[in-house]
Amino acid sequence: MTVFERPKALSDVATHYCPGCTHGIIHRLIAEALDELDLTGRTVGIAPVGCAVMAYDYFECDMIQAAHGRAPAVATGVKRAIPENIVFTYQGDGDLAAIGAAETLHAAARGEKITIIFVNNAIYGMTGGQMAPTSLPGQITQTSPYGRDVESAGYPIKVCELLATMNGTFYAERVSVNTVKNVRAAKNAVKKAFDYQNQGKGLSIVEIISTCPTNWGLSPQKSLDWLAQNMIPYYPLGVYRDRGAE
Amino acid sequence: MERVLMKGNEAIAEAAIMAGCRHFFGYPITPQTEVAAYMSKRLPKLGGVYLQAESEVASINMVLGASAAGVRAMTSSSSPGISLMSEGISYMAGCDLPAVIVNIQRGGPGLGGIQPSQADYFQATRSVGHGDFHVIALSPNCVQEMSDLTQSAFDLADIYRCPVMILGDGILGQMMEPVELRRIPERELPAKDWITSGTAGKRGHNIVNSLILKPEALEQSNFDRFDRYKLIEESEALCEEYMTDDADIVLAAYGAASRISKNAVLAARARGIKAGLLRPLTLWPFPKKNFAAAAAYAQAFISVEMSMGQMIEDVKLATECKKPVALCARTGGMVHSPDEILAKIISVNGGNYN
Ligand SMILES: Cc1ncc(C[n+]2csc(CCOP(=O)(O)OP(=O)(O)O)c2C)c(N)n1
Ligand code: SF4
Numbered sequence: 006m007t008v009f010e011r012p013k014a015l016s017d018v019a020t021h022y023c024p025g026c027t028h029g030i031i032h033r034l035i036a037e038a039l040d041e042l043d044l045t046g047r048t049v050g051i052a053p054v055g056c057a058v059m060a061y062d063y064f065e066c067d068m069i070q071a072a073h074g075r076a077p078a079v080a081t082g083v084k085r086a087i088p089e090n091i092v093f094t095y096q097g098d099g100d101l102a103a104i105g106a107a108e109t110l111h112a113a114a115r116g117e118k119i120t121i122i123f124v125n126n127a128i129y130g131m132t133g134g135q136m137a138p139t140s141l142p143g144q145i146t147q148t149s150p151y152g153r154d155v156e157s158a159g160y161p162i163k164v165c166e167l168l169a170t171m172n173g174t175f176y177a178e179r180v181s182v183n184t185v186k187n188v189r190a191a192k193n194a195v196k197k198a199f200d201y202q203n204q205g206k207g208l209s210i211v212e213i214i215s216t217c218p219t220n221w222g223l224s225p226q227k228s229l230d231w232l233a234q235n236m237i238p239y240y241p242l243g244v245y246r247d248r249g250a251e
Numbered sequence: 009m010e011r012v013l014m015k016g017n018e019a020i021a022e023a024a025i026m027a028g029c030r031h032f033f034g035y036p037i038t039p040q041t042e043v044a045a046y047m048s049k050r051l052p053k054l055g056g057v058y059l060q061a062e063s064e065v066a067s068i069n070m071v072l073g074a075s076a077a078g079v080r081a082m083t084s085s086s087s088p089g090i091s092l093m094s095e096g097i098s099y100m101a102g103c104d105l106p107a108v109i110v111n112i113q114r115g116g117p118g119l120g121g122i123q124p125s126q127a128d129y130f131q132a133t134r135s136v137g138h139g140d141f142h143v144i145a146l147s148p149n150c151v152q153e154m155s156d157l158t159q160s161a162f163d164l165a166d167i168y169r170c171p172v173m174i175l176g177d178g179i180l181g182q183m184m185e186p187v188e189l190r191r192i193p194e195r196e197l198p199a200k201d202w203i204t205s206g207t208a209g210k211r212g213h214n215i216v217n218s219l220i221l222k223p224e225a226l227e228q229s230n231f232d233r234f235d236r237y238k239l240i241e242e243s244e245a246l247c248e249e250y251m252t253d254d255a256d257i258v259l260a261a262y263g264a265a266s267r268i269s270k271n272a273v274l275a276a277r278a279r280g281i282k283a284g285l286l287r288p289l290t291l292w293p294f295p296k297k298n299f300a301a302a303a304a305y306a307q308a309f310i311s312v313e314m315s316m317g318q319m320i321e322d323v324k325l326a327t328e329c330k331k332p333v334a335l336c337a338r339t340g341g342m343v344h345s346p347d348e349i350l351a352k353i354i355s356v357n358g359g360n361y362n
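Protein chains in written order, with our numbering: chain A, 6 to 251; chain B, 9 to 362.
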């Protein structure tokens, strides 16, 4: 008897992610949600520029590769063209909170009926570990070699808190995938986000606190520890907006 | 058919609707405002979508998404806004996506001014963005053509799977003329089997993408695209020939400048100078054949542009510099008078090509 198999929405290919990277888990959660809600045939996913740039090869639904930060605008175009479609973006922190901040905020302001899967690993992974808009105060990166100095580099952006203030945001939850318990909670959040979209509700975003062992310079296990000790205190997990429950 | 009095910008909008465009994304800027205003009034009544984006960066990417989903989509802007769209236009070219982009040009560089200009010729014909690609650039010179060419633009975009730009200027956009809102017969269009609108579980997934990491494969995809461009250059170039049959002095002008040039041609002829006009309706592809042919009979050319000598390069290339090419330029929102073009014709006729 098979007890654990590949979700149907996940393509049967090897991914290019580094060993121990949490992108893979997050892909799986999305695919499970699409399977369980039976949405794959109606879904269009938008891949970002970032480590997940080739996510278009990993999902069985139709996929578009967007310019850096523009995924919410592309998603808007798709959703407005075919409102019956389920449309999701998959974005890193540089993509969503730096170069694409305007597209993100305004998609939320408009209450665009899309789902954003936001992978916050506090670093620019793909380009080799530069400071991100979500890098922590004091965090050492390639471009903050003395640690992020908030006097000159400013403060990390708390995306869920920010979007929760906008009436167009229907659902915003921050989760992590660092423990089995958290993975289960993350799964529920992702599924809920898609479910809300399927019900025609406003923008849903799930921020997933993630690791980047390669550019953090830590082993996968130590990365999970670092995440728990440093990221979660700054980025508390929880539901920031759930208009379905209000 | 009945003719109605309409602004050029409104004719573009109505023509897009006639061509089946129901999705418009834009950001306000003078002097294209009427296109957006018209769309915001009409599209919701037709079950379409008018969406005011947060920037031109966003609006072109919304067009990209809608186009990928398979619908006819459009945006309009003016010069500074087109600069912001250049990233998205490059992605659309790389993804082989159709769309219509309207540029009602104003004077630049920078914020420039809001008066009519043709200073975005290089941008439209050389490179609207990074990478090896072209957009088809159409140039109407009256309200009727703004209607007709806009409809053609949607067909061209679908046939060749590329962005098509309508290059207008503030004069054409704002001026009112009688126009026959006729439906240009739709050309035979290829099936859109590449769209990302959901697999419905009936096919493998489609991917709209411009990332090709293997250089051999990226080169090949550019080769393939340029094969298509070659076809476009061979079959889609359009040019009006005005009194060129026996012309000694041939003017080259498009858009608003071509209207004034026609007056200058008539004035020159009244003085016994055999002047004529070649008016490209397609700036890319440039109607090279018309110019090459004219190089055989004309003594000299004059590029009449509301820019500091941009189209003149194409005139020189197309005529292989066989005859002198003079420049008659106004810029920054200033428009030629027929008299100053006439003075240039007289001067060139006298052998002064400066
Ligand atoms: C316009 C533009 N600027 C810069 C880049 C280079 N670039 C590629 S990925 C990336 C950062 C991605 O970081 P993030 O969004 O955090 O995703 P991650 O790689 O960490 O998953 C940058 C700056 C680009 N591709 N396009
Ligand atoms: S660079 Fe970091 S985020 Fe990117 S795949 Fe590797 S571990 Fe994951």
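Read the hints as simulated data drawn from the structure, not as lab findings.
Take these hints with a grain of salt, some might be off.
[As the list claims (entries may be wrong)] No farther apart than 30 Å at their CA atoms in a straight line, the calculated lysine-lysine pairs in the DSSO-like style are these:
| id | chain 1 | residue 1 | chain 2 | residue 2 |
| --- | --- | --- | --- | --- |
| 1 | B | Lys210 | A | Lys206 |
| 2 | B | Lys330 | A | Lys196 |
| 3 | A | Lys13 | B | Lys210 |
| 4 | B | Lys270 | A | Lys13 |
| 5 | B | Lys270 | B | Lys200 |
| 6 | A | Lys192 | A | Lys206 |
| 7 | B | Lys210 | A | Lys197 |
| 8 | A | Lys192 | B | Lys324 |
[To be verified] Beta-carbon label-pair distances, calculated as ranges:
| id | chain 1 | residue 1 | chain 2 | residue 2 | range |
| --- | --- | --- | --- | --- | --- |
| 9 | A | Gln147 | B | Gly118 | 31 to 37 Å |
| 10 | A | Tyr160 | B | Glu194 | 43 to 49 Å |
| 11 | B | Tyr361 | A | Thr148 | 30 to 36 Å |
| 12 | A | Arg11 | B | Phe231 | 56 to 62 Å |
| 13 | A | Gly116 | B | Lys210 | 27 to 33 Å |
| 14 | B | Leu226 | A | Thr132 | 42 to 48 Å |
[Unchecked claim] Per the computed footprint, the stretches of chain B lying under chain A, defined by three or more beta-carbons under 8 Å from a beta-carbon of chain A, are:
| id | stretch |
| --- | --- |
| 15 | 51-62 |
| 16 | 74-85 |
| 17 | 95-101 |
| 18 | 204-211 |
| 19 | 224-231 |
From the three backbone atoms N, C-alpha and C, an ideal C-beta is built for every residue, glycine too.
- Message: Taking the Cβ atom of tyrosine 160(A) and the Cβ atom of glutamate 194(B), is their distance within the range 43 to 49 Å?
- Response: Taking Cβ atoms as reference, tyrosine 160(A) and glutamate 194(B) lie about 55 Å apart, which means the hint is violated.
- Message: Holds or violated: lysine 270(B) and lysine 200(B), Cα atoms, limit 30 Å.
- Response: Outside the cut-off at roughly 42 Å; violated.
- Is the hinted range of 56 to 62 Å satisfied by the C-beta distance from arginine 11(A) to phenylalanine 231(B)? Given a distance of about 37 Å, which is not inside 56 to 62 Å, the answer is violated.
- Annotated coverage of the stretch 224-231 of chain B by chain A, confirmed only when three residues or more have a Cβ within 8 Å: Result for this restraint: violated, n = 0.
- Message: How does the stretch 204-211 of chain B fare against chain A when you require at least three residues with a CB closer than 8 Å, holds or violated?
- Response: holds (count 7)
- Query: CA of lysine 330(B) to CA of lysine 196(A), is that 30 Å or under?
  - Reply: Cα-Cα ~69 Å, so violated.
- Hinted pair lysine 192(A) and lysine 206(A), Cα distance within 30 Å: Given that 30 Å is the threshold and the Cα spacing comes to 19 Å, the pair holds.
- Satisfaction of the hinted span 31 to 37 Å by the C-beta atoms belonging to glutamine 147(A) and glycine 118(B): This hint holds: roughly 34 Å between Cβ atoms.
- Compare the distance between the alpha carbons of lysine 210(B) and lysine 206(A) with 30 Å, and conclude whether the hinted pair is satisfied. Holds: lysine 210(B) and lysine 206(A) sit about 27 Å apart, inside 30 Å.
- Message: For the stretch 74-85 of chain B, count the residues whose Cβ lies under 8 Å from any Cβ of chain A; is that count three or more?
- Response: Our answer is that it holds, as 7 residues pass the Cβ test (under 8 Å) against chain A, meeting three.
- Query: Counting residues of the stretch 95-101 of chain B that have a beta-carbon nearer than 8 Å to any beta-carbon of chain A, does the count reach 3?
  - Reply: holds (count 3)
- Has the given pair, lysine 210(B) with lysine 197(A), been kept, meaning a C-alpha gap of at most 30 Å? Satisfied, since the Cα-Cα distance of roughly 26 Å is no more than 30 Å.
Of the numbered hints stated above, those contradicted by the structure are hints 2, 4, 5, 8, 10, 11, 12, 14 and 19, listed in ascending order.
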